[in-house]
Amino acid sequence: MLAKMMTRLANATQSRRSFMIGSAAVAGGLAVGFRSTEAASAATGGVTPFNAYVRIAPDNSVTVIAAHMDMGQGIYDAIATLVAEELDADWSQMKAIGGAGNPKLYGNAAWGGAIQGTGGSTGTTSSWERYRIAGAAARQMLVAAAAAEWRVPASEIRIAKGLISHASGRSAGFGELAAKADALSAPANVALKDPKDWVLIGNDKLRRLDSMAKSSGKMDYTIDVKLPGMLTAVPIHPPLFGATLTSFDASKAKALKGVVDVVQHPRGLAVVAVDMWSALKGREAVTAVWDDSKAEKRSSADLAREYRELALKPGLATARNDGNAEAAMAGAARTIEATFEFPYIAHAALEPLNAVVRRNADGTIEIWGGHQMPDIYQGTAAAIAGVPPSQVTMHVMKTGGSFGRRAVIDADVIVEAVAVAKAIDFRAPVKMQWTREDDMRAGRYRPAYVHRLKAGVDKDGRIVGWYNHIVGQSIVAGTPFAAGLVKNGVDMTSVEGANNLPFDMTSVEGANNLPYRFAAQKVDLTTTQTGVPVLWWRAVGSTHTAYAVEVFLDEVAALTGKDPYEYRMSLLDPASKHARVLKLAAEKAGWGSALPAGRFRGIALAESFETEVAQVVEIAMRPDGSFKVERVVCAVHCGVAVNPDNIRAQMEGGIGFGLGAVMKSQTTLDKGRVVETNFDSHEVLRFDEMPVVEVHIVPSTDAPTGVGEPGVPPIGPAVANAVFAATKRRLHVLPFARVENA
Amino acid sequence: MIELTINGAVHRLDIDPDMPLLWAIRDHVGLTGTKFGCGIAQCGACTVHIDGQPSRACSLPVSAVAGQAITTIEAASGPVAKAVQAAWTALDVPQCGYCQSGQVMATTALLEANRKPSDADIDAALSGNLCRCATYARIRTAVHTAAKALA
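Read top to bottom, the protein sequences are chains H and Z. For the first sequence, the working numbering gives the first residue as 263, with consecutive numbering after it. For the second sequence, the working numbering gives the first residue as 7, with consecutive numbering after it.
Everything labelled a hint here was simulated from the structure, so no lab data went into it. From a predicted model like this one, the values you see are computed outputs, not experimental measurements. All C-beta atoms in this analysis are idealised placements derived from N, C-alpha and C, irrespective of residue type, glycine included. Hints are all accurate, no fakes.
In the SDA-like style, the derived pairs of lysine to any residue whose C-alpha atoms are separated by at most 20 angstroms in a straight line are: (1) H:LYS514 with H:LEU542; (2) H:LYS543 with Z:ILE8; (3) H:LYS480 with Z:SER83; (4) H:LYS543 with H:PHE510; (5) H:LYS467 with Z:LEU97; (6) H:LYS480 with Z:GLU80; (7) H:LYS543 with Z:LEU19; (8) H:LYS543 with Z:PRO23; (9) H:LYS543 with Z:PRO67; (10) H:LYS926 with H:ASP886; (11) H:LYS824 with H:TYR778; (12) H:LYS480 with Z:VAL35; (13) H:LYS890 with Z:ARG146; (14) Z:LYS88 with H:ARG469; (15) H:LYS543 with Z:ILE46; (16) H:LYS543 with Z:HIS34; (17) H:LYS890 with Z:ALA130; (18) H:LYS480 with Z:ASN13; (19) H:LYS480 with Z:GLY84; (20) H:LYS543 with H:GLU699; (21) H:LYS480 with Z:THR95; (22) H:LYS890 with Z:SER124; (23) H:LYS480 with Z:ALA96; (24) H:LYS488 with Z:LEU37; (25) H:LYS890 with Z:ALA126; (26) H:LYS926 with Z:SER133; (27) H:LYS845 with H:GLU956.
Which bits of chain Z does chain H cover? Going by a derived footprint, with three or more residues having C-beta under 8 angstroms, they are: (28) 79–88; (29) 99–109.
With the sequences and hints as input, model every part of the structure.
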């Protein structure tokens, strides 16, 4: 669904943008372009790739230009693997950098190809055909160059581990022939390897390309960008969401050593200084008066109360309605009902938001940042700077996490960086650097939600009716994505006029597409409005929908006296991927076997972004009633496992990320003010709380699906279900640390 | 003027005595391997060694560390640091990597003091270093791997 939204937005964006299709060849090297081919065209959703994905340097290094931002999920390595496989390169010669500025080359193929972006765990899916084709085309051109150079038939040329050779004894590295290959026409068609011939795809021994740089302080992130004369800016944001600036006094700040200026920008103020510390000192000296007449002043408790009341009413929109769930439940032998409450949560990526802007002597603009949606940011930045988008170069940096935060549609920190640079007449490069407090206080958050679920079972314990009403904010309302909202199989007319808010599929994903076979089911959505800025947060809708569904399903199983695993299996198509991962996780975890005293198991299953994940957790209860998650057995189906060890890493990371969130993380509002503004109060998982994680990948020949997010959704409900097994108590209010659960 | 001894080199800096060591290292000495994550000693991304002890550079004013031996990730090059980095890369510990300078510095200090840390020792040494990618399980394995390599 996200894909279709993106496509709609992209098409709208594309029509008003001129594309720069320039050569990106490295001097003396090969920039592999390849002509539009049937395969390429089909693979990239109509986009015509025509430029560099692969650069070969005279030193034999092969640099792939990645269409997706690497925020830690390892997509650069996946892309390098795909290219190297088809190119028959040696892994040790591979490098990867980010590309941007041409959606025809870098548009997200999984979103239709018209706009570049990283999100929805689509990176590998988007890259699967594109980069294998690029690698194969590059290989074919190198072969042709060698054949011409050595005057032998191309069919006799061999390439292995980066070495081009012929039976005559001649051989060459890629670098030697790169320039000659570059001068050739790109092949019209390329053949991709048979999977049985893969040596790098699926190879567990490949190590990440950047591990040493990241273990030795040599990896440069946006915060590390250094430019001659660069100034540092810190923002001053309104104290409440929706408050606007009335007046400010910067005279004291400007008198401080190191402070260069205090300027206004569309999102507040900024202090510009020679270094970070001077900017922070200057910020303390600025006084500002804000008009909060239109600001959001409710507290989290107020919102929860309102949401709970709304949840009791019929939904304003219906996402799914199969059979007559209400009538079925009315006639059921037994019914069960539960209401779940989810907090706002900050992304809390470890690198606080930032962006660096420079205007060059020729008027062009360069922007360094975590450009998760570079085309959108390029357009936004160009509009502020007053130049055509083609004059704005986006440097895509690796980021210290993101978890969705840098896929922000309004380009917040980039707007600030460009506006501040412009306010000082671009006389120096500017690094806009948020602090942790800015990052947690200024939004954006996973929206808060309330879910009310109800189920009816017949005398044999079968679910005859299932109802889920989700109440909460839309992530896409008010953004260009709202216009592109589409709904899989849902009649838009059923929601028109309800409250004039868009029907946001991201609010219900993971609830309206369940693999379980219910006789009748209905999923309602009531979209609310608040002044709190929200956003996708690693695994988006499934961060709350999967929790509510999987905990509630466990409750239904308990009501009917059935084993939670067996009960789920009875609701699944035994041939489905869902059943396969659930069975695998249960088998590997020894589901049903005896546990040591004080240990308890819980299980959960969730599909997100077309990847199925099941997890079985083991918790150890402590005498004081608290518990530790000791072990998680995770089974995942994600198609071809391009980088198996990274799939394991992403499952491990998703589990830790999701576990910290359900146990401790929340962003609460006190009369509109954010309470948790740093890691002392916004708690996340710490080292000693991490369980042992065991990941099992289901072998598959399907095209790969994503792994960056799908590890997150099952962990919360699996743990909650283990807590129920231990205590007979259900955790309906998140995080677990909330006093309601004490 | 503040005199800082960083990685064996003496830097005479005309900076505010209240400036946290982190910003002196990053903005004035130009070493950016030490990261900013929270500013209040809650995340460990800025971990450096001061006279061999792991310390949070974001919360130490430069005036408090003048004259002491400050070591940053850029100078983590002894046998212990090398063993730690070898284990980190062999196990592909980093994901985003932003916290890993701090993790490596904290681990190096641990192993300098304790060549055979137990899981509880590792918990105690590393629970102040956040990793939002949750690479914790691999870090634990890597610490043991490095310890074995040094034995």
